[in-house]
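If you're matching them up, the sequences are chains V and F in order. Using this note's numbering, you'd call the opening residue of the first sequence number 1 and step up by one each time. Using this note's numbering, you'd call the opening residue of the second sequence number 498 and step up by one each time.
Derived from the structure by calculation, the hints contain no laboratory data. It cannot be assumed that every hint is accurate.
So the derived list for chain F, only partly shown, Cβ under 7 Å to chain V, looks like this [said to hold, decoys possible]:
1) Phe545
2) Gly587
3) Asn678
FRET-style restraints, in silico, Cβ to Cβ [what the hints assert, rightly or not]:
4) F/Asp927 - V/Gln262: 50 to 58 Å
5) F/Gly578 - V/Gln258: 53 to 61 Å
6) V/Thr438 - F/Arg617: 37 to 45 Å
For each residue, glycine too, the CB sits at the ideal point set by N, CA and C.
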Amino acid sequence: MFLTDFFGRLHPLLVHLPIGILLFAFALILFQRFQKVEVDVAISFALLLGSISAVFASATGWFLAQSGEYDADLVFQHQWMGIGTAIFSFAAYFIKRIRDILTTITVCALMVTGHFGGNLTHGEDYLFPKKKSVPLSLMPTIDSMQQEVLKVSPAELASANLKTSVQIQPNTEKAQRRKTSFIFRDAVLPILEKKCFSCHSATKKKGGLRLDTEEFILLGGKNGAIFTAGNPENSSIYLSMLLPEDDDNHMPPKGKPQLTPQEIAVFHQWIKEGASFREEMKIFLDHQEEKKEVIENKPVIVSAPKTAVSQTFVQDVEGNILKNKMDAVAPSLLNHLKQQNITVSNFGTNSNYLMVNFVNVKEYRSALIDEVLKLGDKVVRLRLSQQPVSDSDIKKLSALKNITRLNLEKTAITDLALKDIKNLPNLEQINLYGTNITDNGLLELANCDHLKVVFLWQTKTTAKGIEQLKRSLPNVQVELGGLQFAKPDTIKTKNLD
Amino acid sequence: MNIFEEYNHKMNRRNFLSGSVLGLGATALCGLMNDNNVIYNDLQLPHFAPKAKRIIYLFQSGAPSQLDLFDYKPKLKEMFGQELPASIRGEQRVTGMTAHQKSFPLAGSKFNFAQYGKGRIWLSEILPYHQQIADEMCVIKTMHTEAINHDPAVTFLQTGSQQGARPSFGSWVSYGLGSENKNLPAFCVLLSRSNNGDQPLYAKLWNNAFLPSEHQGVLFRSGDDPILYLKDPKGIDKFSRRDMLDALAKLHKLEIEQTLDDDLNGKIAQYEMAYRMQTSVPETLDVSKEPDWVFDLYGKNARKPGSYAANCLLARKLIENDVRFVQLYHQGWDQHGNLPSEISKLAKDVDQPSAALILDLKQRGLLEDTLVVWGGEFGRGCYSQGKLTVDNYGRDHHPRCYSIWMAGAGVKKGFTYGETDDFGYNIIKDSVHIHDYQATVMHLLGIDHERFTFKTQGRRYRLTDVAGKVVKSVLA
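Bound-form chain F, shown alone (with noise of 0.2 Å):
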């Protein structure tokens, strides 16, 4: 062998490394770059005929007492401020508010309970409006979470994990299952509350994390504004918006020519979305038109702008115009304490527009393929928080069982399901984890929640995490 060719040949140990490093990265690169254009196009939804095409998700933030509204519990009463036997609580954790307790006296509820309905559904005196819905009523008695404390919960509940960063309910749907009405978003989340001083609400929890920005919730403002930006600024007309549009779209394509950066299409795409929602929006929140009777079933609060019965009107408005999700978040539901009173008067304001929304969907046809959903994200404990009295109690966070509801497309009328026990403190029969609540919704929608994915930062996410079976007991 000639020894100048030799030499042209060898492959040194510098030469190797300083080649595979190159070779690496170049390999790295066609993974970041192949991601999206993959999951794109494997994404086929849904995966099954689906049994409810929108959801409503009326969301009880700050815990409702199940105690106080659907699991009844005769006794507790009978035990009234007895201790709560240790045998029960087991190994629980306790938040920090009742750690500190030298007694933990048991507190049934003050308010009576009937059965209700067909399915001889149990319902507190609160709700007297929820008892004239209970044949449309599917409860589940027995959702468990791994959070105790509000943020963690709320969270792990949206996204399907307790740290965030991940995308709520609403984006992995909207990100599935896009929207039928191309002039509304498909993901819309609309706010109430009944005190000042509730617990707050971040605007992570309907945050898009990961997934494609346009699947970030959209949240709408009670009054004139109700998306904020959305208006055209003072001195700008309809029509120098549109040439200003056009304009950048042109823009926008003398760029994707050089880049084929697909991005910017989705750019336009969101231009676009925005302009026809300066119109869409406004009409569709538009209330002025409806009847006086709509305003009667949904209560008085309904021509208050802002209140959870104003939302729940606009919940069937946009859903009654194809939005694909609609996500109400009702504050306040936080009785550690004056329970009685306080969640007497959040009953109240929840009541009747919850119920009012089932009958409204029903009458115009929507519940046949509509989903809603009421619930909270943990219940509260079967034991006073504070001082008990005859009737005053509180009642501290309680994630090993709690009560919600659905109603529509899918899900068995006038049914119960999932046992507690005598305390309302443990389940006994049929429990139901936040990953099976989520995968069950997610079948509903004739989605596989196992094989929904999103792959980013080298691994594939699902809004179930690596958990989640479908309740197919409540499924009709």
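Chain V on its own, in the form it takes in the complex (with noise of 0.2 Å):
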């Protein structure tokens, strides 16, 4: 027993020698006789093993045709006409005569053999696929000219769906009916043609399982019944689908046109609603298009109601910023600015935004700063750390107005300077640690709205001063600095002096 089904199993193999062969041999007769060249013996050679090989695959086929899974009709057609092929091949080689002749019935009898054996296989409209049909009996008992009504087009059911969810009350008749389906017709059927009937229908029955019609798909396999209607954990079908593509057990088999997550989710829903033939189903499935999606009938959230922007909600600026489109730097301009050791870089690959470091700048210079002007709104942050940057300087960068971070720290300036800062509406930092900094100074930073830190450290502000900036920004961290550690015994950090 065995061993038969090992040898029927070798069929899908065996059979593309005799193919491969006897077409050569037909092709070396051809060449013989068109090019004048004697070439017999090779034309011999190739009948004999072609000869030999059709008989072994017509002994496979018969082993495998005993398994019973195969459409009897077809089986015979292809069985004859292979066995046909075989001994005209024989044929062929022995009376050399009319070898001509003989090989190229042998080669039309392989071709039909051939297609009868793929038919066999892949189905009968696997080489010409038919229009889609129904069985009959599988037709809903509702009247066909309401379904063409309900019948809209997969664009509709999507927007549909849409506005159901957002504007359409769900309990409106028309949407409701607009959302009901034949699931088995309309979603487990187009399935099951596309990618079980090759090996579970009329023509082959493996596990003899067909899949065809609702008996057959009541009747089940070899196995029994292959689903409990409401119960998808305990149906063969369902289950073998789930099982690892490696599994023996797996559906379909491994190589085979597999099922999508979708199409798994359809069988699920079906047997789960009670896998019913006929009955409607509230359920939207969009198989007309490669896509598949099951869209179940509830309102969806589309997205979450907007809540006014809290007061603790704090905006990224920058990353905004660095949302919008920005054209590129020229080169030449970038490479002037390298040549007067302004150090520029990137937000990243593709990103125009620059950050600018004067970092390299060994003698400073009001002029500098006028060559990053023209940088313009590209330049989102901007390090004149330790340079002796003046009020007037200062006053140039109102023109950048996407700068968010700048660093002043150490430089030259005095309150004068920080007029002009609240000109820049985006200023989320600002490091003045270092310089002569006053209240008054600090007093006009109240008005940039963004800002989140300032770094005040050895700067001539006070208390009071940095009291008053909380008032008009109740979030910006100021940073004082001065920090020392309490002695190993004591937790709290404070202040020096």
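Take each chain as given, in its own frame, and dock them per the hints.
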């Protein structure tokens, strides 16, 4: 039993030998005829080899047919055409006189056999797909005219669903109607047809199972029923889809077109809802397009209601600026800045916004600020630390509207400079440590709405000024520095002096 | 067909083989020559907006005991002296140093723990200064590594491979992001130690490997001569040095005209860099102008060149000058025995300067775009190595879990990530592999670790090899 099964399974392998070899023999005959070359020996050899392989193919084919999984009529045709091919090929080998004619007949028989074989394996409409036909017994018992009315295009379906979730009351009659469908006819059957029929239908009944009509589906296969209505977890048809692809019981078998997760979901839903062949189900399936999606009849919350921006909500100003489009900086300008020792770096491969750093500038002069101004709105961070920047230089910076971080620590600026800083609408951080800023200057910052952090260590500001600033900008974080440690046995940090 | 013509066109085996050898050679040569060009042109970093622009890596070499510093395990005290349950140890290999031990008695930490800061971060009593920066700390308790001995583990952490011959983290960053300050190297290295006879460190840890040589970490030594061979030799003054460099550059340029060898441009650049460093390095490393309170902040050791405290101060000065990657190594955490007394000493060396560095960066506004990392190469075990007494025990290497902390740009403040089991032996939640950690730091620098590669010897290499996931939970 095992051996015959095994030989039967060799059939798909062996059939290709006679096809190739006999066709080659035929090609050699044509070659000899038209090119006037002497290759008789080769032709004989090819025919002999082809005939022998044809016998083996037929024999294994016969074993395979014994499994009874194939449509008897189709097997009959294929079997006798195959045997005929083997006989004619032997004849062509032995009867040299009419070899050309016999070989031609062999090749014709070969092709017909091959075609029948293909039908057996892949289904009759594999080569020339027929128009989708639904067995009559599966037609729903609802007036088909009404069905036509309810048919809507996938796009309409999608938009209808979107609308119901947002605007249309789900209980209006129209919406309800549009959202019903015949799950078996419209969803399950197309999947069966596409992915299961090739092995489980009239032509081929693997595992004794046919899935092409309601009765056969209910009947099940060798191992009995394939589903329990209402209980997908107890239904072998569903479970076999869930098994890992390597598993012997996984369906469809490894190498065949697999079910998509959406298609599996369709089976789950169908069985769960009672596996009815006729009843309407409240389910949508857009199977006319390749994209398959199950949309349940539930109002979908498209987006959470927007709440007012709360006081503590901190906006990422810099992040928002970086999202905006900006054109690239001219390479000549970059090169020019580089020659002036101004370091320019970017915010990423796809960003044209820039960070400008004066760390390498040895001899600072106002003219360098003018160079930076040429970059315009591309400048997001500017670092002028430890340079003798004057108040008038800062005035010029007002043109750089996108600056979010400004480093002015240890520069020569005074309160006057801060008057112009308030013109930077996007400023988030400003470092003023080690400057001569006083409370007066600090007050100017009160209008910088987006300011998050101010560094004021080693300035002339006082607690009073900081308190005033905090009154206007309650969320601003002031770094006063001067931190010293408490002795190890206490915990709090405190300010120096 | 004419027989002579036929002869001329004949491609015999010998002709084919000799012809194809040259052809194949030429193809290979093209590959070799193009390699570097392609990479340089493709390299457009950062990939996305960086949170951190600079890094200070406070590497604690020798593996600090997480159980005595960060990872509080009251259960170990409860079960003091009892055997480590086999179910916890599992199939874990231990080093040759404790493999022979018949018993693995649990050793709870001798030190008291408490929670500090808004994030209720657990810290040991031997880290009194860390307690004061708890609000800045992001502690990862679930670091784990693959190596069990110092050299492979440090190499793994630094280069992403246990075997070495790969570029150090800092070299990768230098290669990818370059330096903002053209007068100082992008990757600076500072060494310190607590005792003589500590686990040694090797220059391969800050080596550039296959990356261009200018990305090698530059070791700053303590004392008058921070970088070897940087000073002009006796009898050569500044001006003759300048003349010499100019003449050398001219010769190099002549050669470039003939050979179009781009490496020579790199050579000129390195000579110029060294020349600039002759003034910039002594200037930057000069701490004599620092006010007294700075030394109070970092601790009195900060006045002692070559100490960890002094190196922390130098790290701040380098970062202030926009150096990209400052790597400190502090040796001596390898407490196989006498752990309580030894680790107290180490903690004392490291505690105040590390915390001071955070405060100092913070008040200067540098912590906004500088990332500080503190941690070792692996952890230490929960059972005693050697004899366990009430106040003395030792701990062997433990790669399965250990703690590090980060602070500064882009990481959560006052935050603890990951959980270990009651024995501090296995990770039970949110593990962070070395490659994950590397990927995360790269991410903070605006680099996608998977896209940041260098092709050499026929394959693309990256710091995280073929693994690594960004730990999004620790990002601010």
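(request) Return holds or violated for the Cβ distance of F/Asp927 and V/Gln262 against the range 50 to 58 Å. (result) violated (33 Å)
(message) Verify the CB-CB distance for F/Gly578 and V/Gln258 against the hinted window 53 to 61 Å.
(response) holds (59 Å)
(request) Mind checking the CB of F/Gly587 against every CB in chain V and telling me if the closest is under 7 Å? (result) With a closest approach of 28 Å, the F/Gly587 hint is violated.
(message) Quick check on the hint: F/Asn678 CB to chain V CB, less than 7 Å?
(response) holds (5 Å)
(request) Would you settle whether the hint for F/Phe545 is holds or violated, based on the nearest Cβ-Cβ distance to chain V being less than 7 Å? (result) This interface hint holds because 4 Å falls under the 7 Å limit.
(request) Given the range 37 to 45 Å, decide if the beta-carbon distance of V/Thr438 to F/Arg617 lies inside it. (result) holds (39 Å)
Consistency with the previously given hints fails for numbers 2, 4, ordered from lowest to highest.
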